[in-house]
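Sequence order for the protein chains is A and B.
Mapping of the first sequence onto my numbering: position 194 corresponds to residue 194, and the numbering continues sequentially without gaps.
Mapping of the second sequence onto my numbering: position 141 corresponds to residue 141, and the numbering continues sequentially without gaps.
Misleading hints may appear alongside valid ones.
[To be verified] Derived, one-sided and incomplete: chain B residues facing chain A with beta-carbon distance under 7 Å:
#	residue
1	67
2	68
3	69
4	70
5	100
6	101
7	123
8	124
9	125
10	143
11	158
12	167
Keep in mind the hints are simulated off the structure, nothing from the lab.
Being a predicted model, the structure only gives us computed values, none of them experimental.
The beta carbon of each residue, even a glycine, is placed where N, CA and C say it ideally should be.
These are the residues of each chain, in order.
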Amino acid sequence: MGISSEKIREATAEALVRAGSSFTPGLRAAYARALEVETDERSLWAMRQFLENADVAERRTLPLCDDTGIPHVLLEVGEFAEFGGAQLGAITEGIAEGLRRLPGRPMAVLGDELQRIEQSQGLSLHSEDVIPPAFSVKRIPGDRVRITVLLLGGGPEIRAKTYRIFHKHRMETVVDEVAQWGIEAVRELGCTPAVVAVGLGRTHFEATSLMLEAMARGDLERQTPLELQITEKINAGGSGPLGLGGRVSVLATLVNIGPQRASGVRIASVRTCCGIEPRRATVEVG
Amino acid sequence: MNPVRVETPISPEAIAGLHVGDFLEISGVIYAGRDAVLPKIVAMSDAELAARGIHLEGSVIFHTAVSVAGVGPTTSSKLEIEESIAPLSARGVRIHLGKGRLKADTVQALHAHGSLFAVTTPSTALLTDRILSTEVAAFPELGMEALYRVRVDRIPAVVAILHGNSIFEQQTQRG
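Build out the structure end to end from the sequences listed, making use of the hints.
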């Protein structure tokens, strides 16, 4: 038995549609702050377009962006939850159902391993064939499960970077390096203003997982001094929304710091999410 | 802001009168294509294109997929897209519409051929009512990455690169 698979399937589908068609209150608040400080005419135009688009998408349940993203799942399982393989399958089915409803962009590449790389066999016509990668799983207190669906667009993936930083035992070194990566990324990324997601860990896998968790759980309304510092340094670069200039290249930064290795090296994963991200929604089932 | 309204086919004179930073509203029949199809269009002769009813002179190419999810700009600096801009400008494409910074060589090629690069926000929901019709123009087997003929009404954009000037380089110099 355990937690109802049907409930999980429906809740996951609902989360995917919500993530793909609406701004979180935190993202709206970040735009509101940005509009207060911005004076550049083109920058204001671009940010108002982002907000107007979100209003229409939410009202009519339409995709925020035609790149509906690759669905990622952060799964948090209560220590007393009755949860197993059947329920995991229900999440996968819920993702497929959500992609049918949104609808997701039919961008799954057909063929065997080599054919998929060369994209020589064309694309699937079915939105639901865009399958998620392996889920991230964590244990939480209680007997319920919490499912967070994230939709990751392709533009930020071009600019995202996971690499080592020789930190010289100073946080400032890490901040400067991350900010420099961010400045380079927002200059190239077409869909700014960005939200910068940062994971700092011991391995590339861990840093990327922490970065994903920052996207899923980070607070866009209450920024830490560290997050504000990174945002300010990148904004000083002056790229502005769409690269058109202005004070706001970055709306906010989300930093997630994990365990660290005894070493002069830290592994940082930095993703400059586009102006409609993080596209995230969380549901609890139990 | 007072947007300049442009309608396809677009004359070289209409482009000559514009400036970096101008707001545009683009209407008429445009083409939509991206990474997979643009190199194929570059490789085709004008006669081959004309046989499919594709006419590049005075045209607009929107760097986007076309799918049930809608349309929205993809990153124009992706290799296959950016490499199409110079040869397609030489054959009459007057506006390349997408997003993101382009290289200095591309800025010069646009200038040499009297074409411009404009950017728009990823406003898929907002654009829904401004896309009047879509049909595949070439390479249907590419699915959402085929070349599409799209009738549009007032797509908003900003001129980013024109007359050898790039708004992106201006920001870098300021920064």
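Violated constraints from the hint list, given by number and in increasing order = Violated hints: none at all, because every hint is consistent with the structure.
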